[in-house]
Amino acid sequence: MTTVAATGVQHAAWLMLAFPLFGAVVLLLGGRRTDRWGHLLGVAAPLAAFGYGLACFFALLSYPAAGRSRDLHLFSWIPVGGFRVSIGMLMDPLSLSFVLLITGVGSLIHIYSVGYMAHDTDRRRFFGYLNLFIAAMLLLVLSDNYLGLYVGWEGVGLASYLLIGFWQFKPTAAVAAKKAFIANRVGDAGLSLAIMLMFATFGTVNFSGVFARAHEAGPGVMAALGLLLLLGACGKSAQLPLQSWLLDAMEGPTPVSALIHAATMVTAGVYLIVRSNVIFDLSSTARLGVQVVGAVTLLFGGIIACAKDDIKKSLAGSTMSQIGYMFLAAGLGPAGYGLAIGLLLAHGFFKANLFLGAGSVMHGMDDEVNMRRYGGLARLMPVTAATFGLAYLAIIGIPGFSGFFTKDPIIEAAFSKGGVSGALLGTAALIGAGLTAFYMTRMVLMTFFGKRRWEDQAAAAAAGAGQEGEAEAPHQQPHPHESPQVMLWPMILLAIGSVGAGAFLATGDRLVNFLAPVTRTPAAPPGIVGPYGLGALGLALVAVAAAWWMYGRREVPAVAPAGGVLVVAARKDLYGDAFNESVLMRPGQWLTRLSVYFDNRGVDGLVNTFAATVGGASGRLRKVQTGFVRSYALAMFFGAALLVGALLLVRL
Amino acid sequence: MSLYVPILVLAALSAVFAVFSIVMGSLAGPKRWNRAKLSAYECGIQPTPQPLGGGRFPIKYYLTAMLFIVFDIEIIFLYPWAVAFDRLGMFGLVEMVLFIVTVLVAFAYVWRRGGLEWD
Amino acid sequence: MSATIAAGVITPPSIEYSQLCPMLLVFGLAVAGVLVEAFVPRQARRGIHLVLTLGGLAAAFVLTIVVASSKSLFRDHAAGHVAAMGAVAVDRPTLFIQGTILVLAFVSVLLIAESSHDVSSFAAQAAAIPGSAEEREGLLAGITHTEVYPLTMFAVGGMLLFPAANDLLTMFVALEVLSLPLYLLCGLARRRRLLSQEAAMKYFLLGAFSSAFFLFGIALLYGFAGSVRLSAIAAAASSDTGSTTLLLAGLALVGLGLLFKIGAVPFHGWKPDVYQGAPTPVTALMASCTVVSAFGALLRVFYVAFGQLTWDWRPAMWTIAILTMVAGALIAITQTDVKRLLAYSSIAHAGFILTGVIAATAAGLSASLFYLAAYGFTTIGAFAVVTLVRDPAGEAAHLSQWAGLGKRSPLVAGVFAFFLLAFAGIPLTSGFTGKFAVFQAAVAGGAVPLVIVGVLSSAIAAFFYVRVIVLMFFSDPAPDAPSVVTPSVFTSAAVVLGVVATVVLGVVPQPLLGLASHAASQLFVR
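First to last, the sequence lines map onto chains H, Z and B.
At the far end of the first sequence sits residue 651, using numbering that gives the first Met the number 0, and the numbering has no gaps.
At the far end of the second sequence sits residue 118, using numbering that gives the first Met the number 0, and the numbering has no gaps.
At the far end of the third sequence sits residue 525, using numbering that gives the first Met the number 0, and the numbering has no gaps.
So that you can see chain H by itself, here it is in the shape it has in the complex (with noise of 0.2 Å):
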């Protein structure tokens, strides 16, 4: 399929991009003068871009399908020589949907906010902080070359760092973000050792470009540009074995972790692998990198989420273990990129939902996060409970729910794969949607239902030290209570989108269509009932059941129980920390110690011995400018003569 320069209203399509840019732009330089209505200026601005996203969006559905392609070339950057890199927007089915995500999603957790951070005294800085991470996010997307791609990508990584420590009082916070930090710049590196060699390979940095000459490069050199590609967007997308910032950015403000860390900027890593989909259907290893990278992470977030005890932590396992659907769903190939954005989609609308849900109860709660200390809330926050649970039946795959049109087929699919490898992933996949029932309605159960363990002040302040996580005791009784106007109705639009996304986009394979000038149609189209989609569904039924024997029937202690081997592994995230110290933070000192003696010894006495050259050479050619004019002018008059000499002597 050709791509065709953007004509009509996707002509100024750089609007959707400047939108959101003009707000962080001003919120973050404008200063305390627009502390009044800065929050309405910064939800504004994705409102507008959403405005203009859709407008794009209904203008590309006006053309054929094979036409939906459109590029707008913006200017060109350093046109010298073979050098060519030129900024420009790419306009398809994937990355509107991804725009439309963004920017409505976006926009109602920014509506949310509005209330969320109401007596945060920098709600201003936080809302630029917003934009700024919608404008990134939307480069990310939007660019047609993978420079304008990786700009977009580190600009993310960039609002993601400051929003997650924007409590930067707490010290824990701070370290959050360093860690999510550091933990990108690995993915980073590959992503950038990717575009190198992806330049070195095909001259072009283009997804046209790269894509038309993709089948020239040798297998090796599409296995290592998968692999590094993937590299990136598991440092993105929290993925084994770059997962284990993710669990500790929840210590960022709720909407953060609903816009960032579940909606939006995890998706990035699925919408690298989904847009490379060239590369990775050229080589077999970097597609089987995906998938096991996929099921071994589903598996683990799900296990993780299952053993935490604060909400915020144990949805974070649990986004992880999506991704992990949706990055199996992608290394699958063209049948099954179609499904992993649909569930991406869906997941972008439940996951918010339930992340703006925690929010709210932890409004009510004091900022507590510690399930043990909710209990019976349902009644005290009918509004929160109803749409979480909305959700929550979304994301366990209750028929009729989105998380069953999106997620089942992509166990189908898994299975569908044949071979010893399919029926081990299929395998990963079914226990994982088991993993899922069993700890979301665990959060369901302890939340909103049984005893209200909160009224008992002596014992969960007795507690309070023993706890992990937030350790500060409540010093008074918490008045649970509904959160305002604000903050429900985007929690209302979720829960809608919650229920009806998913049958929306599977009806007669509607985004596998849609999306498939971009990743072509599979050669079956997944069917959405499938034998293994319905054990699925029962395993989840028995997951649900087993939750409810061990949390609705019984009494939840206030204090966690001591547990077996897993559940001790997974309250310490699999050791995931543990894993990368031992591993690559200790080995890793010792390399700096080895690199600073060398620095020191080697490379600085060699430095330093030249800059002691060239000062010396410096201090003694100074002496030459005496300051004469006659020593000037004999300089003159020798160089003179010199020259003379010189031109007469190359004839000779």
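None of these hints come from the bench; they were simulated from the model.
By construction, the Cβ of each residue, glycine as well, lies at the ideal position given by its N, Cα and C atoms.
Watch out, some of these pointers could steer you wrong.
Said to hold, decoys possible - A few chain H residues facing chain B, derived, Cβ under 7 Å: (1) 617; (2) 619; (3) 633; (4) 635; (5) 638; (6) 642; (7) 643; (8) 645.
To be verified - Cβ-Cβ distance ranges computed for the label pairs, FRET-style: (9) Z:39 / B:15: 51 to 57 Å; (10) B:114 / H:591: 56 to 62 Å; (11) Z:81 / B:499: 32 to 38 Å; (12) B:499 / H:630: 37 to 43 Å; (13) H:610 / B:410: 53 to 59 Å.
Once you've looked at the hints, dock chains Z and B against the given chain H.
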């Protein structure tokens, strides 16, 4: 070689004139020496009194000399134009007027700034 | 001869006034400025001069664009037209250079016109002895030499003609027309007048010395080709008649005259002393417009007249370019005066641009054109910042006084740091784009070793730029630290224009790169 003959003749004539003037002057003129006449001659610089303030000397003489050169050169340019006046036609007239105006502007500046006042 | 005149064969020459109108306008307004000096009362002069000078430069720029977009001039893919009976070339590279000079001169005049933090940068009475009673009277009366405006216009007129001159005599006249006003302007500083007068004297002596070489070179070339026309010299050189000794010696001496103006080593001696001593606005004018103009003339002479002799002059020019880059960067390291530092930086940059000249291709020409425009803006901006940092004695030029500037005036220090980074060639500044372009052209022309030396000296140069930045931001201010004055709209405009141009040409260089390569596509007219 014949090209150079007029030059040689001119050189010889000027040499003869110079020698003749000096010899006739020393023979015919009266000799009344004084201090000023005996001091070394340097055009434009007053030998006495000694310049004050670290060697400054009046530039009146140089100013006059330079103005003389400017107008002298103006004449030199005017002369060939006058010779070919009719053949150069309108173009020659325009260019010459421009030239004269330019020189006049400089003249006006010098005049307004008091460059023509001896003291 | 007399027979032909008598027979009336002489045809009146013609002048294409319309094609030369930018230069004629500038010269005309310069003459008008002299009349203003003569007849307008003192207090009204500055205002009238500002209107004449700034308006005139802007109008001349517009006229340049009109000429450049003229259809008839470039009809049938003509490279241009040789106007005024073969004396002045009107072609695209020249028009690009003239446009650049006019814009840069406009910005420099903004600095010259600054009058808020002193009465002016220029002396009350240049003729008064420094420290004398006369001088004090002049200062107390608050008068200032407004002759700087017509002088600047004359210099700018000469700069416009210099790169356009199509024969060596016109070029020599242009050289003198641009140099003589500059000699005067250099000596007009209001503060540190002895230093300023010394600078003017040095510049004049050495300039006259180099002019003599230049003229001698013209004489030798005339002896070789029987003409001073650049195209005639090129034709004679390719037909291989006449004495090559005359040709090559002439080439060397004419080249010397031009290299002197750009400050190439070993003809650079005047540059630090003069840049330091001259009033800073004049330094800005010299560092931008004069360099652009001299490079324009150098490019024309070496591309048109000596285009076939590339193999003869390249080794020598290689040596000079290397010496210029290395010496400029090396000596700058131990400088302690901001203006001297910038002077050596200017020498090093001249070396970088020379690598583009040596390529002797359209790409080299276009890269040099771009570099000149980009560097001109940055350097004016940097000197504009220098005028702002002052102590009771005038500008605080010593680097030790700049220590800790970033703590007291973060904006001014930040802007200066930005200009320094542009000089160092950090990406996303115009300096990076310019260096990239010339080095690219040099590599394409086979001058890889030259580029390696260029990159190495860039690295050395980066050291002292960063050193100044470190000094400004990471050391504590001295107790007698100078204050940063609030600039008037003139200096602010100059600084802002410098920053904007440096950013825009670094981030979106494409339009100007395209214009430069379009201008260079057909090289010079012959």
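Hints and how they fare:
The interface hint given for residue 617 (chain H) holds, since its Cβ lies 4 Å from the closest Cβ of chain B, which is under the 7 Å cut-off. At about 9 Å, the closest approach between the beta carbon of residue 619 (chain H) and any beta carbon in chain B exceeds 7 Å, and the interface hint on this residue is violated. Because the smallest distance between the Cβ of residue 633 (chain H) and any Cβ of chain B comes to about 9 Å, over 7 Å, the interface hint for this residue is violated. Because the beta carbon of residue 635 (chain H) sits about 5 Å from the nearest beta carbon in chain B, less than 7 Å, this interface hint is met.
Contact between residue 638 (chain H) and chain B, as hinted, is supported at the beta carbon level, the nearest pair being about 4 Å apart and thus within 7 Å. Taking 7 Å as the C-beta cut-off, the interface hint given for residue 642 (chain H) holds, the closest approach to chain B being about 4 Å. The restraint placing residue 643 (chain H) at the interface with chain B holds, with a minimum CB-CB distance near 4 Å, inside the 7 Å limit. Contact between residue 645 (chain H) and chain B, as hinted, is supported at the beta carbon level, the nearest pair being about 5 Å apart and thus within 7 Å.
Between residue 39 (chain Z) and residue 15 (chain B) the CB atoms are about 55 Å apart, so this pair conforms to the stated range of 51 to 57 Å. Taken as a hint, the range 56 to 62 Å holds for the pair residue 114 (chain B) and residue 591 (chain H), whose Cβ atoms sit roughly 57 Å apart. Between residue 81 (chain Z) and residue 499 (chain B) the beta carbons are some 55 Å apart, a value that contradicts the proposed interval 32 to 38 Å. One distance hint, 37 to 43 Å for the beta-carbon pair residue 499 (chain B) and residue 630 (chain H), holds here, with the actual separation near 42 Å.
Hint check: residue 610 (chain H) to residue 410 (chain B), Cβ distance near 32 Å, so the stated range 53 to 59 Å is violated.
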